[in-house]
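Colleague: In the order they appear, the protein sequences are chains A and B. Residue numbering for the first sequence follows our numbering, starting at 1 and increasing by one per position. Residue numbering for the second sequence follows our numbering, starting at 115 and increasing by one per position.
Among the hints, erroneous ones may be present.
Covered, in the sense of this in silico footprint (three residues per stretch, anywhere, with C-beta under 8 Å from a C-beta of chain A), are these stretches of chain B [stated by the list, open to error]:
#1 152–166
#2 208–216
Quick list of in silico lysine to aspartate or glutamate cross-link-like pairs, EDC-like style, CA-CA up to 16 Å [claimed, not checked]:
#3 A/LYS101 x B/ASP177
#4 A/LYS101 x B/ASP171
#5 A/LYS101 x B/GLU197
#6 A/LYS73 x A/GLU29
Listing some non-contacts, in silico: residues in chain A with all C-beta distances to chain B over 10 Å [stated by the list, open to error]:
#7 THR24
#8 SER42
#9 GLN44
#10 GLU52
#11 ASN58
None of these hints come from the bench; they were simulated from the model. For glycine and all other residues, C-beta sits at the position ideal for the given N, C-alpha and C.
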Amino acid sequence: AQTVTQSQPEMSVQEAETVTLSCTYDTSESDYYLFWYKQPPSRQMILVIRQEAYKQQNATENRFSVNFQKAAKSFSLKISDSQLGDAAMYFCAYRRVRRGKLIFGQGTELSVKP
Amino acid sequence: DAGVIQSPRHEVTEMGQEVTLRCKPISGHDYLFWYRQTMMRGLELLIYFNNNVPIDDSGMPEDRFSAKMPNASFSTLKIQPSEPRDSAVYFCASSSGLGPSEQYFGPGTRLTVT
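Looking at chain B on its own, in the form it has when it is part of the complex (with noise of 0.2 Å):
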């Protein structure tokens, strides 16, 4: 299987733009997850989603970004306007039920916000 994959791997975008990473997850995880780490605040979970339905966004930031995942394969999730705060490297990360089960995270989109 060719794991998480997540692209861009790398986005720089000025101030009051819209950004949209991508994921696709393994092939049968019925669990999608996007996490952000920055130095400040570590790593953090954004929102979750089970069988393409988002179970917990509590992690959002705030109204300019969303994510969505309209099928088994594919997500997004969108900053709109984004801003210099913003800039952090996203995780997209699958795993198959809520056991032990490992989370298999992807290479991350490292997003500079100028």
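With the rest of the complex left out, here is chain A (with noise of 0.2 Å):
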């Protein structure tokens, strides 16, 4: 079965530095689609940032990236320039191809310092 883990209940950040969150997963498949959603104290979830594993290039969006790192299963968010409205907690989420199952991490409460 696949698994995800966020091993960083909570991270802390000053505005305007950079902070990595960090994910591993664990799969047999060797395609798949990673994700990292955010959900503010509003509690929707908002997609950040998302990889296909057959893509050897990271994902950019703007100030957030990831390193995917694909032997090690390893998918972490960096957030550059933090700002106050990037606290938020966030997930780590995996799927397989062709299926609908989102596979969640446990999430990392991120609070950004002004």
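These two chains come separately, so use the hints to put the complex back together.
Modeller: Below, the structure written as structure tokens:
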């Protein structure tokens, strides 16, 4: 069975600084998708960034980028120039190709200090 | 588009009562998902539909839970009878296809069973 692990329950970053959130996963599949979702206090789940496993290039969305290490089964999220609005719970998620089920990690709560 | 719509946003009920949660997916999306979020178990998939047909209901906890999708624009998740351990946030999400496409989440329903 596939699993997703986020080893950092809480992280803190100073405004304008950079922070990296860790995620590892376990799968025997070779093709799959990885996602980072953000859940602010409003509890709305918002997609931050996605990565297709067959693509070697790391995904980037403005201040958000990932470090995808397929062999190590690692998928970390880097937030540059952190803003107060980035404070939220961040979930790493995995989904097999042609399957609908998202498998989530336990989440990392990020706080941003002004 | 209005996004995924869920109702009610909050529900408080007594143990033993029937609870019905409702969801309207984004127009044109052919996949609909029900997730549950608790502190103990995190975010987990309960069931998902493709073109109104249930595809994977392996996450449905027990016979007290049932889900239906009578048409492309409406789904319900019913709990009968409800128990305190059902207290959670229930999310509905929808997507177009099973490629790397995003699952768009609704705002969730916070259910409290006393």
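Colleague: In terms of Cβ atoms, is chain B entirely out of 10 Å range of A/GLU52?
Modeller: The claim is violated: A/GLU52 sits with its nearest Cβ about 5 Å from chain B, within 10 Å.
Colleague: Counting residues of the region 152–166 of chain B that have a beta-carbon nearer than 8 Å to any beta-carbon of chain A, does the count reach 3?
Modeller: With 6 residues close enough to chain A, the hint holds.
Colleague: Within 16 Å, alpha carbon to alpha carbon, are A/LYS101 and B/ASP177?
Modeller: Distance ~21 Å between A/LYS101 and B/ASP177 Cα, so the pair is violated.
Colleague: Confirm or reject the statement that A/SER42 sits farther than 10 Å, beta carbon to beta carbon, from all of chain B.
Modeller: violated, 8 Å
Colleague: Are A/LYS101 and B/ASP171 close enough, with their CA atoms no more than 16 Å apart?
Modeller: Answer holds: A/LYS101 to B/ASP171 is near 10 Å, not above 16 Å.
Colleague: Using Cβ atoms and 10 Å as the threshold, tell me whether A/THR24 really stays out of contact range of chain B.
Modeller: holds, 16 Å
Colleague: Could you check that no beta carbon of chain B comes within 10 Å of the beta carbon of A/GLN44?
Modeller: Non-interface label on A/GLN44 violated, nearest chain B Cβ at 6 Å vs cutoff 10 Å.
Colleague: Report holds if the minimum CB distance from A/ASN58 to chain B is greater than 10 Å, and violated otherwise.
Modeller: Non-interface label on A/ASN58 holds, nearest chain B Cβ at 15 Å vs cutoff 10 Å.
Colleague: Compare the distance between the alpha carbons of A/LYS101 and B/GLU197 with 16 Å, and conclude whether the hinted pair is satisfied.
Modeller: The hint is violated at about 25 Å.
Colleague: Taking 8 Å as the Cβ threshold, is the statement that the region 208–216 of chain B is covered by chain A upheld or broken by the three-residue rule?
Modeller: holds (count 4)
Colleague: A/LYS73 and A/GLU29: Cα distance at most 16 Å?
Modeller: The given pair, whose Cα atoms are some 11 Å apart, holds under the 16 Å limit.
In summary, the structure is inconsistent with hints 3, 5, 8, 9 and 10 from the numbered list given earlier, while agreeing with the others.
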